[in-house]
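Number of protein chains: 2
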Amino acid sequence: MLQKVSLGPKSIDKYYEIYNNGFIDELKSLADDLKGLRLCHINSTPFGGGVAELLLSYIPLVRDLGLTADWQVITGDRRFFDITKSLHNAIQGAQYPLLERTTERVYLQNNLENAKELSTDYDVFVVNDPQPAALRHFCEDRHAKWIWRCHIDSSEPDDYAWQFLRPYVEEYDAAIFTMEKFVPSDLGVPVIVPVAPAIDAFSPKNLPIPKDICRGILDNQGIDRNRPLVVQVSRFDPWKDPFGVIKAYQLAKEKIPGLQLALVGSLAGDDPEGWQIYAAIHDEANKDPDIFVFSNLTGVGNMEVNAFQTAADIVLQKSIKEGFGLVVAEALWKQTPMIAGNAGGIPMQMRGKLSDYLVNNVEECAEKIVYIFENPQVSGELGQEGKENIRDNFLTPRLIRDELALMKRLLK
Amino acid sequence: MLQKVSLGPKSIDKYYEIYNNGFIDELKSLADDLKGLRLCHINSTPFGGGVAELLLSYIPLVRDLGLTADWQVITGDRRFFDITKSLHNAIQGAQYPLLERTTERVYLQNNLENAKELSTDYDVFVVNDPQPAALRHFCEDRHAKWIWRCHIDSSEPDDYAWQFLRPYVEEYDAAIFTMEKFVPSDLGVPVIVPVAPAIDAFSPKNLPIPKDICRGILDNQGIDRNRPLVVQVSRFDPWKDPFGVIKAYQLAKEKIPGLQLALVGSLAGDDPEGWQIYAAIHDEANKDPDIFVFSNLTGVGNMEVNAFQTAADIVLQKSIKEGFGLVVAEALWKQTPMIAGNAGGIPMQMRGKLSDYLVNNVEECAEKIVYIFENPQVSGELGQEGKENIRDNFLTPRLIRDELALMKRLLK
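Those protein sequences? They're chains P and U, same order as listed.
Residue numbering for the first sequence follows numbering that gives the first Met the number 0, starting at 0 and increasing by one per position.
Residue numbering for the second sequence follows numbering that gives the first Met the number 0, starting at 0 and increasing by one per position.
Derived from the structure by calculation, the hints contain no laboratory data.
Predicted model, so just to flag it, every value in this text is computed and none were measured.
Each hint can be trusted.
FRET-style restraints, in silico, Cβ to Cβ:
id	chain 1	residue 1	chain 2	residue 2	range
1	U	N360	P	R77	37 to 45 Å
2	P	N374	U	F137	56 to 64 Å
3	P	R77	U	F46	23 to 31 Å
4	P	P256	U	F242	54 to 62 Å
Straight-line alpha carbon distances no greater than 20 Å define the calculated SDA-like cross-link-like pairs of lysine to any residue that follow:
id	chain 1	residue 1	chain 2	residue 2
5	P	K13	U	G221
6	P	K3	U	I280
7	U	K3	P	H281
8	U	K3	P	Q275
9	P	K286	U	S5
10	U	K320	U	E363
11	U	K210	P	P207
12	U	K3	P	N285
13	P	K144	P	D120
14	P	K13	U	D223
15	P	K252	P	F372
16	P	K13	U	D218
17	U	K3	P	G221
18	U	K3	P	T297
19	U	K246	U	G257
20	P	K3	U	L296
21	U	K407	U	R37
22	P	K13	U	R214
23	P	K407	P	A173
24	U	K3	P	I290
25	P	K13	P	D24
26	P	K3	U	A278
Some chain U residues near chain P, calculated using beta-carbon distances under 8 Å:
id	residue
27	L6
28	K9
29	F46
30	P59
31	P203
32	L206
33	I212
34	G215
35	I216
36	N219
37	Q220
38	N295
39	G300
Backbone N, C-alpha and C define an ideal beta-carbon position, used for all residues, glycine too.
Go ahead and model the full structure; you've got the sequences and the hints to work with.
So this is what it looks like as structure tokens:
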């Protein structure tokens, strides 16, 4: 049932190109302290979404540090994943529509079945998000340490859903949240630490691509390289407010004629809501030749996302709710000015001068777009400050350091 | 019901960078002769597959030549598309399992409904492949010229399926096949012409990306840039013989130690056969750390495909059956040595010296891999010959020229 994800190797030494302050050596020495450690991350999908993206870099880099690191994916039927999608939304604050005993039974039965299959040859399990949270309850092995890793903004969960989930989480040895303020107030776990996610500077999404090539790519898609361009990269999801982005663009365009907007997103076959939003955005785009919509459907992949983030004059992430917002880190790393919703994990990425570009509504967003185009000298400053903040706080080696430090603490 | 696909602009003048022999001027003068022409391509999907990829470049370039060009997509329910998938395979020679009146009724009913919605404000309709082939039958307007454009190897169709489809095709004014030899022997259409597909030199898949960056991308995925690499880019489909590719790689590896293989493909949510093959390939890959499998699931898009084709030492396309094989043209255009199955439209792309690398089985494929690595001087020759052949015969402006020439002939 449980699937192991196979991954090619990655080299931690490449990060010496970025850090010359001894940080990588420090990380290696921490890994040495943990010599022999066998760790296993568990989540619910091998692809799509931020968690899979994190693990794709994290696991090979931890292996390159000399530790045993595996990634296992729970399986389940459609009904289970429908339930966990609702549960996920409810922990993020939406109403939980599934107040039924049968729902709970399906959730628990599925976790039980996956727990039976789980190999216990590990010293630490890190269980990501609500889907597999009850695994620990059903796993008979009591030798390993168990960490629950919550990636969502769970500061104001739906009470019914959370009270259902909480006892299972409270069996863990530790819990990790993206930020202190995401921790539900009544959670009783011995160790709770804040650890922010991070991006891999050497992945196809973040590796530097010359601006010229990026502009050439956009050019071919019909975007005029001589006119200003704002871009939002995100799932077609109401929390990312794509229609707010379109409105902000329309308002800004009154002052910045020739402005173009590109919405770049991905769609999953099993996300009917995403498809509806995608269709509605297409209808809007059809009315305005300067709005462009791109998706994985026409082969837009990681490198195209990179090209869009690199070539844009401004990247937007007008989220209303956001766990962390990996795309914010991605754009800042490329030194592209960023305007983003003042939500969830975004503000911690937008400190200092960058925080002037956190917005709470469409009007503010439009105003900031206009300001950056009318004051082009700010782009350079914002770009530099953004890149430094990501380097110092939000690259994968820092994430690995924080998690290994927690494991060391739990195991001593 | 029928959907119109919206596309950004592209510039035909960019092709002056490639042709300095008057070819683009000739094309413009042909378009001038057709001034006022309104043409409409119709197919069954706005994304995925070769036809959608062709039209994505073809339609904007025809518009840039001053003509009206639209692209409309027929709609239908799941049952219709299940039927047309079988019909497609059957026209390609597979057995047709749907010998029932109800099947035919669903197919015809769907075509009728789409025909009712079809705007008749066009002078020429080009209808792609079997799915919408009966549209002409149900369209009452008799003013326009109708061309059926078949992209598959229909030289030996399943007889039942073809006899069902044939009368609808015979109502067309003309038919286009990729090659002369794909034309079914009993087809009676007034004008039948061979026109090969083509690739867009300026699309994200084909735009030049420096080899360095391409190697960096592969590097990050765990591929060792200092060891030899062969790549196949194709759907996970038995016609593309992915297991034959793995066997050829294993045989070649006996002589070329350190050899690596990357299989790069895309998966559609509604293709259970593709998923099974993908899982089986993954099982093979798990046994050998030098076999890598990549797909759209982890964000591999057009630019990554470009990077793989550019950085590979050899690209394989070991197809058993192939309409044309756009990926062959893509790799040749990048001057990468190509070893390909001697099937369908592939040989016409592999003329001259290149034809020595057409293979009929696993052993031949392995032998050619070894030969190229042991005789590195051939790579440069093959690369140059391949690029010239694609430039002269298989870029989008040539495709547009051929189709406009046919339209001119039909309209005079």
